[in-house]
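Based on the provided sequences and hints, a complete structural model is requested.
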Amino acid sequence: MLRSLVGRHRPRVVLVVAVAISGTLLAVDGGSQIDIARALGATLYAPVQALVQGAEEMVQLRRENRQLRRVVATLNLERMRLLQLRDERLQMQRLAGFAAERFPLLLPSEVVGRSTDPMQDMLQLACGTDDSVRVDMPVAAYGGLVGRLRQVTGDHALAEILTSPGLAVSCRDQRSGVIGILRSTRGDLLLDRVDAVEDVLVGDPLVTSGLGGVYPRGIPVGVVTRVENSLDGLFKRVEVRPYVDLGGLQEVFVVRRQVTWEDTALYSAEDRDILGTATRTAAHAGGH
Amino acid sequence: MTWLVSACIAFAALALQATLVPHVRIAGISPDLPLIATVLLAYRRGPTGGTLAGFAIGLGQDLTNPAFLGLNALVKSLVGFGAGSGRDALDVSNAPLAAAVLATAKLVHDLAYLLVFTHLSLSEVFAGLFAHSVPAAVYTVVVGTWILALLGSGRRRESALARPGYARR
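Protein chains in written order, with the working numbering: chain A, 1284 to 1571; chain B, 133 to 301.
In short, the hints are calculated from the structure, not lab data. We put the CB at the ideal spot given by N, CA and C, even for glycine. Take the hints with a grain of salt, since some may be wrong.
As the list claims (entries may be wrong) - The following residues of chain B were derived to be distant from chain A, with all beta-carbon distances above 12 angstroms: (1) Leu136; (2) Thr236; (3) Leu261.
As the list claims (entries may be wrong) - Quick partial rundown of chain A residues pointing at chain B, CB under 10 angstroms, derived from the structure: (4) Ser1315; (5) Ile1317; (6) Leu1351; (7) Val1490; (8) Phe1536.
Shown next as structure tokens:
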């Protein structure tokens, strides 16, 4: 009897049920509403969100890939010109009896974690002794120096970054050649040991000096943002902003070792294929 | 029309409302695609299907703003039931009639919504209706009439096929 009654008034029964459920949802308190919405939303929307996110990432990757190809092509043209200059320079160095120049060999590594301890600003990297990585190896990113490895296990490494209070890097002012020690002091990145009479100006780029033997010479570090004399009048207080956004790092490069500046040492066969493609692309673009 | 197609229409309306509609706002007024989908599905599936579609679409909207969880589900269930009950009397293949149905649905929807939302504060209800609902109804009618004309042909075809002459063939 109930079934026939429901069957006869089916639309009204469905409406009453829908209204009852809606009313119940409206009647529950705000916190529970959010919990219910979160639980239902996670179930219903999660696959769609994953799909949309995947599609967005795909579009972004394609755009980034196209942009990177263009950059690689341009860099390769620039590199070819620089190689000519390098050869001339090496020849002159050999004639003058200088030691052969070395070039850093990079290992890309993903950043998988970051220390929350303000006293030790560390990045956790997805590389380790299995990748021939060792303590004290420098870590860099696209923009410049990031820090150096402090601890290394089989497949993970901890990198101490520039803002960590324990890190000191010998840097050179690229414009004037003045050398100082870069270290983090109470949250500021300062170039230490710069005499008051030294020539350091706001906007000067800083690179690693190569002194001390940990960091290879010439890695970009940052730019001078403020210069003032210290209270005792003996030294300058030089504030520096690093080139690398240390808070948003996702991928870094470990400088595994330094090799002679030759293509065969720097690039694998696959790398040289990509360089060849980029050269052809650049030549093609130049032709148009 | 299968439930799968109905689900796709409902989902497409929710997805477009969240992604496309914010870009086609005019002076803060936007078309109500979930409401158009509710009316469309109610016309295709009758009062039961309309109520269920309205409830599902409304709940889908509520999940994105859980402060009034159930409010959209409640109001759209009523609109779906109403539109589904009136489908035999009102032919939405007729554009002016479709426009009237959509405008009525939008205004009834917003009236019910505002009554609950403002806790029966009539001054706020009327202010909301005139400031937002009437312009939104116009925009919804413009967009919805076009959508119903495009997708409503399925309903005419279904009706025609259901006639005895077609059924015997």
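Q.
Flag every earlier hint the structure violates by its number, smallest first.
A. 6, 7, 8
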